[in-house]
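Quick mapping for you: the protein sequence lines, in order, are chains A and B.
Just so you know, the first sequence maps onto residues 1 to 251 in this note's numbering.
Just so you know, the second sequence maps onto residues 252 to 368 in this note's numbering.
In short, the hints are calculated from the structure, not lab data.
Check before you lean on any hint, since a few could be wrong.
As the list claims (entries may be wrong) - DEER-style ranges, computed between Cβ atoms:
#1 B:353 <-> A:151: 31 to 41 Å
#2 B:310 <-> A:120: 49 to 59 Å
#3 B:302 <-> A:178: 50 to 60 Å
Note that the structure is a prediction, hence the values are computed from the model and not measured.
For every residue, glycine included, the Cβ atom is placed at its ideal position computed from N, Cα and C.
Here is how the chains run, residue by residue.
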Amino acid sequence: MTARHARTVSSLVAVLLLAACTNYYEIPIETPIRPKLDVTGFQRVLVAGFISGGTDDVDSNLETTRLLRSQLRTKSDLRVIDTDVLPLMDVANEGQNTSTGVVGTPAAIKEEKDLEPYERLFANVEYWKKIGEEYQQPLIVTGTIMFTPQQRNSIVQREVERYDSFGRRQVTPQRTYVERKGFALRPKFVFIDGRTGTVMHSERFAEEILYNANQTTPALSSYFELMDRLIPSFLNTLSSQKIKGTRVLLQ
Amino acid sequence: MRASFSLIVVLLALATVPLAADARSDAKKHVEFGVTVAQKGLWREAILQWERAAQIDPTYAAAQNNLAIAYEHEGELDKARTAYEKALAIEPNNSYIKQNYELFKEINDRTTRKDGQ
Numbered sequence: 001m002t003a004r005h006a007r008t009v010s011s012l013v014a015v016l017l018l019a020a021c022t023n024y025y026e027i028p029i030e031t032p033i034r035p036k037l038d039v040t041g042f043q044r045v046l047v048a049g050f051i052s053g054g055t056d057d058v059d060s061n062l063e064t065t066r067l068l069r070s071q072l073r074t075k076s077d078l079r080v081i082d083t084d085v086l087p088l089m090d091v092a093n094e095g096q097n098t099s100t101g102v103v104g105t106p107a108a109i110k111e112e113k114d115l116e117p118y119e120r121l122f123a124n125v126e127y128w129k130k131i132g133e134e135y136q137q138p139l140i141v142t143g144t145i146m147f148t149p150q151q152r153n154s155i156v157q158r159e160v161e162r163y164d165s166f167g168r169r170q171v172t173p174q175r176t177y178v179e180r181k182g183f184a185l186r187p188k189f190v191f192i193d194g195r196t197g198t199v200m201h202s203e204r205f206a207e208e209i210l211y212n213a214n215q216t217t218p219a220l221s222s223y224f225e226l227m228d229r230l231i232p233s234f235l236n237t238l239s240s241q242k243i244k245g246t247r248v249l250l251q
Numbered sequence: 252m253r254a255s256f257s258l259i260v261v262l263l264a265l266a267t268v269p270l271a272a273d274a275r276s277d278a279k280k281h282v283e284f285g286v287t288v289a290q291k292g293l294w295r296e297a298i299l300q301w302e303r304a305a306q307i308d309p310t311y312a313a314a315q316n317n318l319a320i321a322y323e324h325e326g327e328l329d330k331a332r333t334a335y336e337k338a339l340a341i342e343p344n345n346s347y348i349k350q351n352y353e354l355f356k357e358i359n360d361r362t363t364r365k366d367g368q
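Same shape as in the complex, but just chain A (with noise of 0.2 Å):
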């Protein structure tokens, strides 16, 4: 026997020691996450819009303000304020060079880079001040969001299954040309104070997803499953949540 060998059953004997000495009981949990922001100064909220940007196929500004009026009417004790969507992007190009702070933005925004001229914005005080007076002093809630298409071609290794003349099977790696087509989702959210009209914490997120190239998913069902996943988080931001799982107690 080879040292390797020695050394391969010497471990595998001590996981089996292991598993036979250890009792081991899976027990469901909940984990309470406190908020990371201190909410209790607002009784309102207002999803104000966002900055948004990637593909036409969906209204990323309109879609996320909807989206998360309604998550936050469900699941957090503000007050959500129902108004129409700010017109952000027309507010930051209108007021270049004056009121809102932001200058050169390009004609469309179709990299994250084309979003960086707009980031004045959430930080022009006397804007979201005003803003804040008008609905008697909501949390604001604005940012920027880019949804774009992906695409990425790689080689992957799958394993094909044969059967011979005799009928017997038979499993071999076969390296293969994907082609895989989806969207990226990369939100940032802004929290702004409506008393004072500054910048209380934000927040970036990413998430991507990606379909074989054959497989045609609409854009907005695209959409809503990125942000299923980051909305826990977003919602941590304002509220305590439960986030259930599973652990190992031992013996």
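Given the coordinates of chain A, assemble chain B onto it according to the supplied hints.
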């Protein structure tokens, strides 16, 4: 002289073995009872049992692991991290503890993620 010294060392070693074994079996009773009450949802009581077990036998990884889980369930994430780290320091190759810790870290990271504001 040398032989008698060796004999004393051996006797001392033998005397400490039952002590350690007693501590472990005592701690094990608390761990077992903790598991029973935790399965009934009585996590506060479970914490008391596992804290006692860890106090009796600080080298008992199961007590620290279970404590970490209970702290997680109670939302005391800092205490949970400390207990997991102690459990892993005692048994670094225990796959159950490693798996629990990885799952805990995933949740903990989610609560601390921020964007420079």
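We went through each hint and held it up to the structure:
1. Roughly 32 Å separates the CB atoms of residue 353 of chain B and residue 151 of chain A, a value that falls within the hinted 31 to 41 Å.
2. For residue 310 of chain B paired with residue 120 of chain A, a C-beta distance near 57 Å keeps the hint of 49 to 59 Å intact.
3. For the pair residue 302 of chain B and residue 178 of chain A, the beta carbons lie near 53 Å from each other, so the given range of 50 to 60 Å is met.
No hint from the list above goes unmet by this structure.
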